[in-house]
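K.L.:
Protein chains in written order, with our numbering: chain A, 1 to 502; chain B, 503 to 1147.
Keep in mind that the hints were calculated from the coordinates and are not lab data.
Errors might be hidden in some of the hints.
[What the hints assert, rightly or not] Derived list of chain B stretches under chain A, where covered just means 3 residues or more per stretch with a C-beta under 8 Å from a C-beta of chain A:
| no. | segment |
| --- | --- |
| 1 | 573–586 |
| 2 | 1099–1112 |
[Stated by the list, open to error] Ranges of calculated distance between the beta carbons of each label pair, as one might list FRET restraints:
| no. | chain 1 | residue 1 | chain 2 | residue 2 | range |
| --- | --- | --- | --- | --- | --- |
| 3 | B | 1046 | A | 460 | 58 to 66 Å |
| 4 | A | 43 | B | 1068 | 54 to 62 Å |
| 5 | B | 718 | A | 65 | 56 to 64 Å |
| 6 | A | 40 | B | 673 | 40 to 48 Å |
| 7 | A | 141 | B | 1143 | 44 to 52 Å |
| 8 | A | 497 | B | 735 | 40 to 48 Å |
| 9 | A | 13 | B | 538 | 53 to 61 Å |
| 10 | B | 621 | A | 231 | 51 to 59 Å |
| 11 | B | 735 | A | 141 | 53 to 61 Å |
| 12 | A | 447 | B | 678 | 21 to 29 Å |
| 13 | B | 1129 | A | 175 | 30 to 38 Å |
| 14 | A | 141 | B | 1116 | 23 to 31 Å |
| 15 | B | 623 | A | 57 | 53 to 61 Å |
| 16 | A | 231 | B | 1122 | 38 to 46 Å |
Even for Gly, the Cβ is constructed at its ideal location relative to N, Cα and C.
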Amino acid sequence: MNVLSILILIPLITALVLLMVRKELHMKLIALFGSIAQLGYSVWLTNYYINFRKAGDTAEMLFQTSLGWFKPLNIYFSTGVDGISLTMILLTAMVVVAGILVSWKIQHQVKEFFFLIVLLSLGAYGFFISTDLFMMFFFLELAVIPKYLLIGIWGSGKKEYSAMKLALMLMAGSALVFLGIAALYFASGIYGGQYTWNIHELTQINFPMSVQVPIYLLIFTGFGVFTAMFPFHTWAPDGHSSAPTAASMFLAGISMKLGGYGALRVATYLLPNAAQEWSWIFIILASIAIIYGAFATMMQKDLKYMNAYSSVSHCGFVILGIAMLTKTAFMGAVMQMVSHGIMTALFFAAIGMIYDRAHTRQANELGGMLKQMPFIGTAFIIAGLTSLGLPGFSGFVSEMTVFVGSWERTGIFYRVATILACASIVVTAVYILRSVGFAIWGTITNKEYETLKDATWNEKAAAVLLIAGIVFIGVLPFWVVNLISNDTITIFNKFISVAVAN
Amino acid sequence: MSTYDIAALLILLLPILSFAGLSFLGKRITPCTAGIVGTTVLFVAAGLALFTAYGYFFQFGEVAGAYAHHTSLEINWLQFNENLSINLSIILDPISVMMLVVITVISAMVHLYSFKYMHGEERFATYYAYLALFTFSMLGLVVSGNLFQMYIFWELVGVSSFLLIGFYFTKPSAIAAAKKAFIVTRFADLGFLLGILMLSYGAETLDFFVLIERLTQPDSVYLASFTATSFMGLSALSWGLLLVFTGGAGKSAMFPLHIWLPDAMEGPTPVSALIHAATMVVAGVYLVARLFPVFAISAPDALAIVGYIGVFTALFAAVIACTQTDIKRVLAYSTISQIAFMMFALGVAGWGEEKAEGFTASMFHLFTHAFFKALLFLGAGAVIHAVHSNEMKDMGGLRKSMPITHITFLIACLAIAGVPLLSGFFSKEAILNAAYHGNPMIFYVALLTSGLTAFYMFRLYFRIFWYKADEHGHHNHEKGMWAMNLPLIILAIGAAFTGYIPFGDFVSADGKPFELPFHLTFSIAPVLAGVIGIGIAWMMYSKQNSNPDKVSASFGRFYNWAYHKFYIDEIYLFVTKKVLFNLVGRPAAWFDKNVVDGMINGYASITSTTSEAIKGMQSGRLQTYTLFFLGGVLVVAILLIVNFI
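One chain only, chain A, in its complex shape:
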């Protein structure tokens, strides 16, 4: 039994057991314990991994296995992890626990709700441990469909429209990804002599430029849709605002990271020549997303829209880091993925708690929440301060790493992009402080709010877990850096060897 398969087995068993019980409380408890077990297991696995590394194992990925799944097409269930995938797995485990905790009061169709949440997490875990492109795609799809149902059934507002929009746009993204990886598969037969979906085998093959470029653009754009890259980001605001809290947390916290991870591991790593020639396109799109997303955020009144647009801006840093192609920038992109994942989950959790009580998310209709609900108000402020990059929280270290990494690219074009990205920190401060000033500070304007209660135990636990993650990365960034730096260097070295070969 491979240690990685357990990462898929735990959610699978949780989901199956969920289907068998009748009582709502039992369902909740099963989902909760399943996700906590997964979190515990991920932490153990990370530690296990670090011990292997300390013992001197320098393989590119550890715990590799390969099982034939559909041999005629050379599809294998092959797995393996490195530091980057492990941080993503830890992120997923954390956000899922928090998401289940905040959904404790879900009213109807409890079983289906938790089943879908667990299924989503299964997709994410599978995606992060796969080293076979086809399996990766399989799990990517697994993480899309349940979102449609989650928004369509448990959502609010114009939920049918949003669910449809989100599902179709993400489907279009995965269609592009599939075109890309299928082309890569066939190209591998032509240029490598052996048809394969496996990342490690594909990276050995030298594809000619004419093959790399279209595939790179397809795959990067496809994953870009998942990361809400401009101009394919519009599913995010509508999707988030209609989604139930846990689904929003999952969408922004994990789903957007699937895209970033894919853009780095598949598009950039496997197609270095094309990346070198064409990543400027994505630098432009990322810079636009960062600054334009920030300005669009400034005008939002609905807190969920605000956080959704701010996610567009923050995920722009991820794309920017990946497209800058320096090792510091790669590291920054990974850190930003983790940081944004936790931060945005906390943000959506806090917004969800406020919405559950006050039944509005309009910043100008709220006010005085800190006085009425000190815990929720504080959680909101902490999420906000993380978002605007306050040192001590995770946002700062990851953003700064992206900035330093981007600055390593010389040339006026890259400098301008970096300066634009840096400039967004001011706009971020503006919209965060505006929302805090309107919604959290101030006096209570609405008499009905005077009876609102502060967070319950489950909400507190969720927020504390996420805040702990934010502070951990913010105060001990070297821990994350040690975990991922070798792997980002591996990816970066591809570019050096390519440059030498040329």
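Using the hints, position chain B against chain A.
P.N.:
Chain B in isolation, oriented as in the chain A frame:
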């Protein structure tokens, strides 16, 4: 680690532990306990700071005739790449040790003072927690040995200032002021960040001392590559330093980034004394002082710009201070003006023996100013506490009912006005002397500003303590206020006597002790300016009369402009509200909703229109299908025939 290193580490650890303890346990302990814990911690830290200062200046700091920097602690915190890493460190050198003393002493005084001033406040423990957080951040800032570490703590002091200005978070004006302070300084910090990126990329280090070495050695390759490129007549190095200075100008409220400081007075008065008078606002001066060798040796043009911005701000703020009626705002503008003194003192200084005076003078003034300005704010706080108003018109004749406040306030006013034998006299003389030798134009403006300083300070003094009979009866406002009176007395002692410290022996640009030159004949002009200022204030405000109105009327429009702070705020409002919100933000949001999203929705509607249009073909009617089938056969047949003929 030596005892002194442990002491230095404890100075930083104590406040952050106090912050953690008070924020987690704040609700479980009584406000009294919270106050005692917070205050005790700071007094211990102040003691340790004095101990460290003693150790540094008299035991181990001096190496081969010059004060060298000493690294107490260094942790590799975040490694960006081979060259660049953020090392969290504790650096002891003359200016950082001096700042440790200033911060902990003033902070301890403010903690003690707040015990009474904030009495009865619902979030008492939170207040103390925030104060401790600020103190920690500020201490971390001054002991930074790394550019990025300084940026980290720079942001942390920014946010603690934000939290404390917005402490009364139910007050709309406090919310607005907190936001304004944070955003304006954030904007300036963008410059700082870009400056860091530029300097560190070029010098391939983030360490202050390595950076200074690499950018000041004449044969350095780093320096050569920096000076090779220039833009608009300034070298790349000068631009990098000016960007860093932008950050400093934001925190130190230099024109045109000063607008947040007067509004920051919305915070509790002790906070204004600590953050917005004595410590945080001098961070910009400290930053320039930290990088002073680079400025002075390799980019004198950038340093000259610092000087001009400084002296302009000094005059500008002093003029506004003469017209304000809210006593805290008068003090705020006075703070801006005094910090500007420190700034241009650096600006007129240079490298080498004959020009070194400005650096020491600047640091000297920073030191003395911390005492008398904190004292002025705490005194103003006592007055506000007694009369429940910030406005001058509600005050007058308070000298009888508040004797301790009166005497200490007077000492502070005399000190800031530069009256001989008090601390401000010595440091201001040193600055003016440096300016006289460095740049005569700056000197004359500064001389005028000194006169104005004396005038507006004594306008304040007379207006509060004389002017008219006390409306509040004659009962003593100070009874049972020892927690507020004791800090006033201690600070007054500081304001009176810190000038006698032979500052040149300890603090100089290159670490070598030197004698601050002092010329009795030179002092005549500045002292005269001060006395004239005090005299005019006495004529106008010692008794109730109509002179002030006449004088302000005679200045006409100019008075009005100054009273409205030269409409700088309105200009900013116009730019942010009208330009950024209406011309950038709104169109961006509109564009996103209608164009980008419209495109996506457009695809969807094209798809559905198309399928709507062709769905008729899938009718299920056999006749139609047959028709299509026949049509198809016909088309194929025709094509075949055409092809084969």
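K.L.:
Next, verify each hint and record whether it holds.
P.N.:
Comparing the hints with the structure gives:
no. : hint                          : result
1   : 573–586                       : holds (count 7)
2   : 1099–1112                     : holds (count 4)
3   : B:1046 with A:460: 58 to 66 Å : holds, 60 Å
4   : A:43 with B:1068: 54 to 62 Å  : holds, 59 Å
5   : B:718 with A:65: 56 to 64 Å   : holds, 58 Å
6   : A:40 with B:673: 40 to 48 Å   : holds, 46 Å
7   : A:141 with B:1143: 44 to 52 Å : holds, 49 Å
8   : A:497 with B:735: 40 to 48 Å  : holds, 44 Å
9   : A:13 with B:538: 53 to 61 Å   : holds, 55 Å
10  : B:621 with A:231: 51 to 59 Å  : holds, 57 Å
11  : B:735 with A:141: 53 to 61 Å  : holds, 59 Å
12  : A:447 with B:678: 21 to 29 Å  : holds, 25 Å
13  : B:1129 with A:175: 30 to 38 Å : holds, 35 Å
14  : A:141 with B:1116: 23 to 31 Å : holds, 28 Å
15  : B:623 with A:57: 53 to 61 Å   : holds, 58 Å
16  : A:231 with B:1122: 38 to 46 Å : holds, 40 Å
Of the numbered hints listed earlier, not one is contradicted by the structure.
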